[in-house]
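S.K.: Since the structure of chain S is provided, determine the placement of chain C on it from the hints.
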Amino acid sequence: MRYDSITEAIGNTPLVRIDPAVHGLRHIDLYAKLELLNPFGSVKDRAAWNMARAGLADAVAHGSQVVELSSGNTAKALAVIAGMHGLSFKSVTNRMRIPEIKDLLLLLGAEIEELPGQSECLDPTNTDDPLTLFHRELSEPGHSYLHTDQYFNDRNTEAHTTGTGPEIVKDLDGRAPDWFIACVGTAGSSTGVARVLREHDPHVRVVGLVAGKADFIPGIRTLDEVHEVGLFAPETYDTMESVSSDEAIEGMLTLARRCGILAGPTGGAAYYGTVRHLRAWDDELTASQDGAAANGPRKSAVFIVCDRIESYLGYTRQRRPDLFRLPPRRNAVADLTTAEIAAAGAIDTHDAQKWIVQDRPLVVDLRSPFAYAALHIEGSINIVDELFEELVRGGLPFGKQQPVLLVCPVGEQSARYAALLSRMGHPDVRSLSGGVIAWRDAGAPLVRD
Amino acid sequence: MAAAVPLSPEPLSLEPRLEERLASLLRSGALLHTLVDALGSPLNVVLPDQIAENARRFRAAYGTHRLAGRVFFAHKANRSSALVRRLAATDAAIDVASLGELQHALGAGFTPDRIMATGPKNPEFRWLAARTGVTVNVDSYGELEELATLVGDRQLPRIRVVLRLSAFDGPGVRMRTRPSRFGSPAGELEHLLKAVERHGDAVELVGVGYHLDTTSLEEKARALEGCIRALDACRSRGLRPRAVDIGGGFGVDYLAHGEQWERYTSALTAAVLGRRPAITWRGHGYGLRNDAGTLRGSLALYPAHRPVAGARYLDELLSLPAPSFGGRPLATLLLENLYDLYTEPGRALVDQCGLVLARVLEARRTDSGDHLVRLAMKADDAGLEEHGVLMDPVLLARDGTRAAGGGEPVGVYLAGSLCLEADLITRRMVFLPWLPRPGELLGFANTAGYCMDFQTSGAQHQPVARKVAAWQAEGSWHWCLDEQYWPITRPGGES
Chain S
1 MRYDSITEAI GNTPLVRIDP AVHGLRHIDL YAKLELLNPF GSVKDRAAWN MARAGLADAV
61 AHGSQVVELS SGNTAKALAV IAGMHGLSFK SVTNRMRIPE IKDLLLLLGA EIEELPGQSE
121 CLDPTNTDDP LTLFHRELSE PGHSYLHTDQ YFNDRNTEAH TTGTGPEIVK DLDGRAPDWF
181 IACVGTAGSS TGVARVLREH DPHVRVVGLV AGKADFIPGI RTLDEVHEVG LFAPETYDTM
241 ESVSSDEAIE GMLTLARRCG ILAGPTGGAA YYGTVRHLRA WDDELTASQD GAAANGPRKS
301 AVFIVCDRIE SYLGYTRQRR PDLFRLPPRR NAVADLTTAE IAAAGAIDTH DAQKWIVQDR
361 PLVVDLRSPF AYAALHIEGS INIVDELFEE LVRGGLPFGK QQPVLLVCPV GEQSARYAAL
421 LSRMGHPDVR SLSGGVIAWR DAGAPLVRD
Chain C
1 MAAAVPLSPE PLSLEPRLEE RLASLLRSGA LLHTLVDALG SPLNVVLPDQ IAENARRFRA
61 AYGTHRLAGR VFFAHKANRS SALVRRLAAT DAAIDVASLG ELQHALGAGF TPDRIMATGP
121 KNPEFRWLAA RTGVTVNVDS YGELEELATL VGDRQLPRIR VVLRLSAFDG PGVRMRTRPS
181 RFGSPAGELE HLLKAVERHG DAVELVGVGY HLDTTSLEEK ARALEGCIRA LDACRSRGLR
241 PRAVDIGGGF GVDYLAHGEQ WERYTSALTA AVLGRRPAIT WRGHGYGLRN DAGTLRGSLA
301 LYPAHRPVAG ARYLDELLSL PAPSFGGRPL ATLLLENLYD LYTEPGRALV DQCGLVLARV
361 LEARRTDSGD HLVRLAMKAD DAGLEEHGVL MDPVLLARDG TRAAGGGEPV GVYLAGSLCL
421 EADLITRRMV FLPWLPRPGE LLGFANTAGY CMDFQTSGAQ HQPVARKVAA WQAEGSWHWC
481 LDEQYWPITR PGGES
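Top to bottom, those sequences are chains S and C. Numbering-wise (the UniProt record's numbering), the first sequence opens with residue 1 and increments by one. Numbering-wise (the UniProt record's numbering), the second sequence opens with residue 1 and increments by one.
Please note: incorrect hints may appear among the correct ones.
Claimed, not checked - Footprint (simulated), chain C over chain S, 3 or more residues, beta carbon under 8 Å:
(1) 108–116
(2) 222–229
(3) 400–414
(4) 431–445
What the hints assert, rightly or not - Take a look, some chain C residues computed to stay more than 10 Å from chain S by CB distance:
(5) Leu-99
(6) Trp-127
(7) Leu-128
(8) Gly-152
(9) Arg-174
(10) Glu-218
(11) Ser-298
(12) Glu-316
(13) Phe-325
(14) Asp-367
(15) Asp-380
(16) Arg-490
Stated by the list, open to error - With the C-beta cut set under 8 Å, the calculated list includes, among others, these residues of chain C facing chain S:
(17) Ser-216
(18) Gly-249
(19) Leu-333
No wet-lab data here; the hints were simulated from the structure. Virtual Cβ for every residue (Gly too), placed ideally from N, Cα, C.
With the rest of the complex left out, here is chain S (with noise of 0.2 Å):
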């Protein structure tokens, strides 16, 4: 397939069937509908490119910024989109939490502003919320936005009526599907995808997916916060039901092992919500088709895969650590026995300064280079701590002849590494007593280079 540009290859994207066998329904079949394979990775591709084009040629002969409150994946494609044809693009955001998205939007040359934290001392006169204040900016003369405005614009919903929708249809053999199952973000493509489903069968029914009230999945908003946005009308959706972000990575982990389908968390909430939404009515067209002579016909539901799984190791790293296991590994601090560090060599100031003098033992400082660079004992070097576990960790660092003394702040984590180099077989190593904290309250001179 060939395009002049890459925008021409968003939408079109596959509706793909999950395998009866990994999700268990018997009546029902069950269809992915593949946004991840949009060219920015998301189904945001489809809304940032029909809410921007509008506007594109005026932003160019403006030089207009282009501007957004988006946490992921429409500031990414309307980065990508702005950068295309010569703008800049600005996103606003308190919901910026997913550092890999932070620093791919940095990457793509976008600028980020993040709205402040609510207020420790509420002043309830000051109606000046930040976005009132964004929204001020935005209208100020002298400046020139193209603002996309992906949660009340209609343009993000014409997204879906004019691709995604169809495309549904047009895949399942000109039919609308018996459910169609989604997250509920900007609500954008729930409510436009449901709009072109129930013109062609108004028994569609609609199942809109939140998030669990304290919890956070990507994209995804809570039961509350929808209502914050203006696309969102709550007759859009038959039933509103709530996935948990443990869900989320179960049904992320399910799509990733067993489909193939290498999903986010949004993804795999909408798989689980789906699935656990249709098991009791697939239980229920079992007991009614029991006792028939022949089957009904078969079912069919289909559910939205937004985004791809990379982004989100750190957050699942953070909710599922069992998942990153580590091998156990060589000479770790870790492993050593309280009574090991209790016996490691230990060195007060005092001493210390008379040993530096007479046998010239290495001095390794193991705090930061920044720390290292502002105060250090005289002649000493610089090994960060996590630089240091890393070389202990394939043997001894220094020869057996030379004395070493260890230095951190407080002698804490100097005396566990003192204490594994004695177990790695070093017989002069020390820890400095009371870290360099003890040496600076000693007196002890603190050079800066």
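M.R.: This is chain C only, laid out in the frame that chain S set:
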């Protein structure tokens, strides 16, 4: 989605979180009735032993990260003498924001090395601070100059200063931090440091700090990183500062049950959108409004359910990584750079430290059928509503018991005793175990931080609440007037 509209509102409780000491006091209903009978309504009760316990928890968070430094109690949270005197008997320090607070702290037993003067200062406050040798948290370049002049003109000893900075830049991302009237922009540090050097005989730089009005850990982490960079700039000029002052704002977890808070805020959202009957006085939205079916505005409420608050919040902040220093935890950076940590908790240090009691005067129905309960107090005597803290009061029957049991909870609005439409103690319907009867008491728990005496007035010659200190000894509660409490006070007058 079909919205179910219940005929009568289900009880939307917001029960206060009570630790053992405060819970025990509230179980002593007979004593509380006697106190209000004798001393009048409203009455403030403070628990000095609790502030010592809270200071110990903050100190433990320092210990976890091996950090040295000081915990300064932000005095402005409560005017009590008992709390300040009790704190003077611990290893904590105090942050004073006025001449009166400084005098109070000195008189309570705090020596100048344990006092920091912050906030806007008048000449008398500055003079007493310089004369006694307390540390001064300097708000601006102009204030630094004035201090130096004062020390020179009056031949005062060299004064220790902490520079308060603001408007920090972070890596990668611009933070739209709320603009503050206080502190010098971090970008103007060099200008300030030149003045510190010029006035080297008058001022000694002990550190830099910030105080951000935000609940966001990330914003504070960024400011802390900025302070570490600023201190390095000081060191590179040959100055030897040794403290980072990270201010307060550690928060309080007010509610016993997170689910109640979530249910309440969801119900409020639904009420504002007209999807359920109102649960507030005349449909008050606490900052939310209905704009053609879409929810607009922002919830102007204190996040009353905060599982991570106080010393735990400090611990989390210190554990955060510093992106511009290779992701090392902030505590590690402080420690390895040999910096002491200064904190100024106010609200968090008086968590569970007090109670406002008020007598029920009457209960009647409004024209619209709502229950309205009038109390012998003014709204400003317990500033919960003013500070956006939604928390139910505890109802104490005349015989001292708390729950009669069996009865249906009743939703009521609480009004004060001023002849003023706005004198409502709550603009939300509060659910109580029974309809309060005249003579019964309502206890507004956990109000010692800003919600007790911060903005109480003498409007209409109404009485200003008296304050008593209460403590437990030998299995029972004892009390005395707040101003008569000292850490050595014992029942019977012996020490």
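S.K.: Hint by hint, which ones does this structure get wrong, listed from lowest number up?
M.R.: 9, 10, 11, 13
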